[in-house]
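2 protein chains.
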Amino acid sequence: MASSLGRLSGSRWGSAALGRGCRRPCARPPDSAAGRFGGAGPGQTRGLGYGGGTRGVGGGGRARRAPWLVAGLAAGLAGMAAASLQHLARADMVPRTEGASGVSERADELALRCNSFMAHPVTALSELRARPGDMKTQMELLIMETQAQVCKALAQLDRGAGFSVDRWERKEGGGGISCVLQDGQVFEKAGVSVSVVHGSLSEEAIKQMRSRGKVLKTKNGQLPFCAMGVSSVIHPKNPHAPTFHFNYRYFEIEEADGNKQWWFGGGCDLTPTYLNQEDAVHFHKTLKDACDQHDPSFYPKFKKWCDDYFVIKHRGERRGIGGIFFDDLDSPSKEDVFRFVQSCARAVVPSYIPLVKKHCNDPFTPQEKQWQQLRRGRYVEFNLLYDRGTKFGLFTPGSRIESILMSLPLTARWEYMHAPSKNSKEAEILEILHHPKDWVH
Amino acid sequence: MASSLGRLSGSRWGSAALGRGCRRPCARPPDSAAGRFGGAGPGQTRGLGYGGGTRGVGGGGRARRAPWLVAGLAAGLAGMAAASLQHLARADMVPRTEGASGVSERADELALRCNSFMAHPVTALSELRARPGDMKTQMELLIMETQAQVCKALAQLDRGAGFSVDRWERKEGGGGISCVLQDGQVFEKAGVSVSVVHGSLSEEAIKQMRSRGKVLKTKNGQLPFCAMGVSSVIHPKNPHAPTFHFNYRYFEIEEADGNKQWWFGGGCDLTPTYLNQEDAVHFHKTLKDACDQHDPSFYPKFKKWCDDYFVIKHRGERRGIGGIFFDDLDSPSKEDVFRFVQSCARAVVPSYIPLVKKHCNDPFTPQEKQWQQLRRGRYVEFNLLYDRGTKFGLFTPGSRIESILMSLPLTARWEYMHAPSKNSKEAEILEILHHPKDWVH
Chain A
23 MASSLGRLSG SRWGSAALGR GCRRPCARPP DSAAGRFGGA GPGQTRGLGY GGGTRGVGGG
83 GRARRAPWLV AGLAAGLAGM AAASLQHLAR ADMVPRTEGA SGVSERADEL ALRCNSFMAH
143 PVTALSELRA RPGDMKTQME LLIMETQAQV CKALAQLDRG AGFSVDRWER KEGGGGISCV
203 LQDGQVFEKA GVSVSVVHGS LSEEAIKQMR SRGKVLKTKN GQLPFCAMGV SSVIHPKNPH
263 APTFHFNYRY FEIEEADGNK QWWFGGGCDL TPTYLNQEDA VHFHKTLKDA CDQHDPSFYP
323 KFKKWCDDYF VIKHRGERRG IGGIFFDDLD SPSKEDVFRF VQSCARAVVP SYIPLVKKHC
383 NDPFTPQEKQ WQQLRRGRYV EFNLLYDRGT KFGLFTPGSR IESILMSLPL TARWEYMHAP
443 SKNSKEAEIL EILHHPKDWV H
Chain B
23 MASSLGRLSG SRWGSAALGR GCRRPCARPP DSAAGRFGGA GPGQTRGLGY GGGTRGVGGG
83 GRARRAPWLV AGLAAGLAGM AAASLQHLAR ADMVPRTEGA SGVSERADEL ALRCNSFMAH
143 PVTALSELRA RPGDMKTQME LLIMETQAQV CKALAQLDRG AGFSVDRWER KEGGGGISCV
203 LQDGQVFEKA GVSVSVVHGS LSEEAIKQMR SRGKVLKTKN GQLPFCAMGV SSVIHPKNPH
263 APTFHFNYRY FEIEEADGNK QWWFGGGCDL TPTYLNQEDA VHFHKTLKDA CDQHDPSFYP
323 KFKKWCDDYF VIKHRGERRG IGGIFFDDLD SPSKEDVFRF VQSCARAVVP SYIPLVKKHC
383 NDPFTPQEKQ WQQLRRGRYV EFNLLYDRGT KFGLFTPGSR IESILMSLPL TARWEYMHAP
443 SKNSKEAEIL EILHHPKDWV H
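Protein sequence lines, in the order shown, are assigned to chains A and B. Numbering of the first sequence is given in my numbering, commencing with residue 23 and proceeding in unit increments. Numbering of the second sequence is given in my numbering, commencing with residue 23 and proceeding in unit increments.
You may find that some hints are simply not true.
All copies of an identical chain are treated as equivalent in the list; a pair is satisfied when it fits inside any one copy or across any two copies.
In silico BS3-like cross-links for lysine-lysine, where the CA-CA straight-line distance does not exceed 25 Å [unchecked claim]:
| hint | residue 1 | residue 2 |
| --- | --- | --- |
| 1 | Lys-391 | Lys-259 |
| 2 | Lys-229 | Lys-380 |
| 3 | Lys-335 | Lys-413 |
| 4 | Lys-229 | Lys-391 |
| 5 | Lys-307 | Lys-326 |
Read the hints as simulated data drawn from the structure, not as lab findings. Treat the numbers as computed from the prediction; the structure is a model and nothing was measured.
Construct all of the structure, not just a fragment, from the sequences and the given hints.
Okay, here's the thing in structure tokens:
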């Protein structure tokens, strides 16, 4: 339950907005790290880039504005590089204990890398630094980096939108960072969330894993685990710009006899309101290229897995035109699978963002908007009725409900007995949802 | 799956509209039954009352208009009695085999009673007539009557709205009648559905019943059953008019040794967007009065059951301000429990309709509408994640998906991290959803 979550400080969740004035590559200089790692106090503003674009999240009357601490920034106002986005971070979400290490971090490659993230990694820098070769460290840095790249690409497309960055702690162990852009010009809702959690697996989780064929030796019913991942759902406003989802995750468990199991899972899939063949081919081709770098059998296998997974069973239709999906990937080696996941994560922006760029200003009719809203309804049906991750999250004590349900669209619609007319554009996409096709060979 | 459902005839579901011109009590004369029971062909119009208010359901471009058969109607255009509503029934939904019995039905009390229904009962009249004292007959007539009373009350409030009446068959045995009013002036969406199904219980259903403590002796895993019920969800447009749900059902199963088990279940609950104490008291008092006629322990017991059932667990909040809920009621006798259920069913209109009448023209702000939409989102969460009936229906082969999901609102909204401000009207209702209270003593 949300109420069981620890908060770093303050009576509200930390929140931040992306500066909308930033127009050119603006690498943060080393000394700016001090600002982010605790050098400045609440209310102080450092650097440029705060263009007044802060939009309170939450609506509904509650004032959510607060004193902001603007992350340090070099200069420049013409263009924004994905790798160097400035951002605002609420002062009270920065653990003060880290502040003292500001000087050493300046010379620290890890700290420099972290500067491009949306927030501190979930794990303390000192711990990450102590185990640089460990897969947990590598994966946490990859998911933080992916979150930042995607958020920056979104912010670049939707400059006026407020972007909240919430850091949360899980009482049972670990925490996460949720970045959400809501009701912007381009995006209806876009969430990119990172979580790094550990503790002992719930019975429900063990049951779910065993149902997938995993042999797990528990001790007094306990199974220590560490799980981390980045997940995202992006709903653009324009009905001709598709909805997108991705998730990449890493799992480690320690069995009763000390044996350690590990695996990776993830995937991404596209949910267009209307079919655009060119978009579908671009999306799948980008994924295939990422897969083919590692194993030519991956794309066809994981494409089919995706088609089989994202099914709204009671409707007999898929939620979208697919992508890739895999789970329990644990061979040939951690490093090999990590490199594959890294390629997938790096394909996120190039596979999707060009499609939004292309369509975000397309003209559309009220009927097209309405069809989009009906498809949003189907998205909700899938997520609440079938999505393993959503259900697993909602039924796991200590989960952060808002981070799980940020995948739901801002608005959705259900009409009784709606069916598109024959040979319409609506019928065309429905046909594909009933009979998925191969987009690349 | 919807695709496995039989359709009576035609390529579209049957659909009907309530005449909006009807303004006075207009009892259908006996001879009008011929029209409803199959006397006239498609395209023929009989009687008065078709005021052009037919609205195609489905929207989205598909032409859903069709030749209509207007049910016979006496005269009169000033006022509409709940007990005598005229309605239009699509010709092709009327089984022709019944047509031949038109003459004998004229003198038949049962046929006369059926004339006030929204459509033929699911079970053939000849079968109902053959077992007049059987509980299955009594209950089917009660649920048909309840459906008609509620639909008529809704139509009286929302005169310009199209009302579809769909009759459907279940391949595995039985069928139902779904009446849906969508996007009217007063109601955003209101569905009242009757189903009468029989066959052999699915494994999933047996498991669910056993989990409630039922001892069920199967033979080769088979368990013949008959289930019938009326269920409804009504979402008004005005955020000051509450959403309402009710469901009353009867179950019979035959065990391997020939032993027959039976039970009733049901309840109703109110989901206001804003708290109105007077409404809450009226609603609960009407239910309490219905309960108290039968057993003074019923209301407190079933009120608590309702509070405990309609919980959105991951939010730690109830979906509304409750009502009554009961299941597995199987003593002291079929007749006693039936009379109690009958009182509950007859309390539906007086408990709820006055509240809509009172508030359907209340002024409201865009913020109030938005809060309503957010609460609609919570309604969707409950229905898809927790509602036993919805899940049972969706996962049961042969179910009619559209009739199950007609409970979903026309539109809903999810905002990340929404929370109402302190001491607001929104916070007031949330407080009640977290801590249900007693409305009558």
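Hints, one by one, checked against the model:
Taking the shortest alpha-carbon separations for Lys-391 and Lys-259, both the intra-copy value of 9 Å and the inter-copy value of 20 Å come in at or below 25 Å. Taking the closest pair of Cα atoms, Lys-229 and Lys-380 never come within 25 Å of each other, the shortest separation being 44 Å inside a single copy and 51 Å across copies. With identical chains, the CA atoms of Lys-335 and Lys-413 are at most 25 Å apart both within one copy (16 Å) and between copies (12 Å). In this assembly of identical chains, the alpha carbons of Lys-229 and Lys-391 never lie at most 25 Å apart, being 41 Å within a copy and 42 Å across copies at closest.
Taking the closest pair of Cα atoms, Lys-307 and Lys-326 come within 25 Å of each other only inside a single copy of the chain (15 Å); across copies the shortest separation is 56 Å, beyond that limit.
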